[in-house]
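*Asks:* Residues per chain are reported as follows:
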Amino acid sequence: MTFASYLLLGLVAGLVIYDFAQLRGKNRRALVLEVVVYVIGGFFIAFPGRATDLAHFVGIGRGVDFLLYPIVIWLVRESLLSRRRRLQEDERMAELTRAVAILEARELPAKTEAARQG
Amino acid sequence: MPVAILMPVFDEASRLARTLERVRERAEAMGGVTVFVVDDGSERAVDGSTLPGPGDAFRVVLARHVVNLGQGAALETARQLALRSAELDVFVTMDSDGQHCADDALSLVQAVRAGADVAFGDRFLGDSEIPPSRRALLHGARVFERVLTGLCLNDAHNGLRAFSRRAIERIPLRQSRMAHATEIKQRIARARASAEGPSLTLVEVPVTVRYSSDTRAKGQRASGAALILRDLLGQYLFGEAE
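Chains as they are written, first to last, in numbering that gives the first Met the number 0: chain X, 0 to 117; chain R, 0 to 241.
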């Protein structure tokens, strides 16, 4: 392993510890998924040759491409899905706000003489 | 009260009162007006007591969004409120900041009463002193909307418009922010192309838009155009089919 590999593994471990501390007292189920992904990532950092072997096995030239392609595909998909979710949430928020506004709408009453002069 | 004026407001309390006063002066000529003011989550809520009171031919209905949603959402709230009154037959959209003239609103109402379903204000035919940058932006918007909707309008984004009841019923707004102006034309184009219901007739009426430093500061900029494109694309890609 190279110096850069140790550095990256340290970064991954640091992120897990930080997230673990941040989620104290909260639901940590997502952290389990994060740890699984990081362990796989850590494995390929420690043994980059294994990633290249796998890449060759599925017909991709370099190990790093083998990891990069699915990550880009996943990021694009996640970005589109979150945009859709945000649009739906905005529409729900608008409907709710509108319902309250219509419910509380009122016609302005005639002004009293004092209000007209003041 | 056959005319409804749909008026979104956002942080315009002082100019709103003046604008309403001018509408009130023309209310009788329009045959009676109900203004639906929707405060779109202004930092300081519009205080009804500071607005002109009702008269024989003039009423004000005030509603408030508890959070800021955007001009399109406020217009849709006003539209839904106004459609609850069966006696209203002409629906005018008008800005609250005083850049639209009540006299022009009257001209649009007359155009609808003369048989048009939709009357758009055209500032290029009126006496507006349009800043060059705004003129260029509006020209780009006109070309864009012509390609998108097939409608050939002179003034693409004029907020002063009038609709017949059968027209406004067919134009629900889902665009909460500034893209509603393009959405209105998309819905009109769709209604005209649809075999269901009568086709909608359009006219453009010369109007004067007053530009001041304040209204220019709040008006649309080139960055606003980018946001409109983003919202239109978002609705195209992810909006629920109707």
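Any given hint could be a false lead.
Below, computed lysine to aspartate or glutamate pairings styled on DMTMM-like, alpha-carbon distance capped at 20 angstroms [what the hints assert, rightly or not]:
id	chain 1	residue 1	chain 2	residue 2
1	X	K110	R	E24
2	X	K110	R	D55
3	X	K110	R	D46
4	X	K110	R	E20
Calculated from the structure, these hints are not laboratory results.
*Asks:* All the hints need checking, so say for each whether the structure fits it.
*Replies:* We went through each hint and held it up to the structure:
no.: 1; hint: X:K110 to R:E24; result: 17 angstroms, holds
no.: 2; hint: X:K110 to R:D55; result: 13 angstroms, holds
no.: 3; hint: X:K110 to R:D46; result: 13 angstroms, holds
no.: 4; hint: X:K110 to R:E20; result: 14 angstroms, holds
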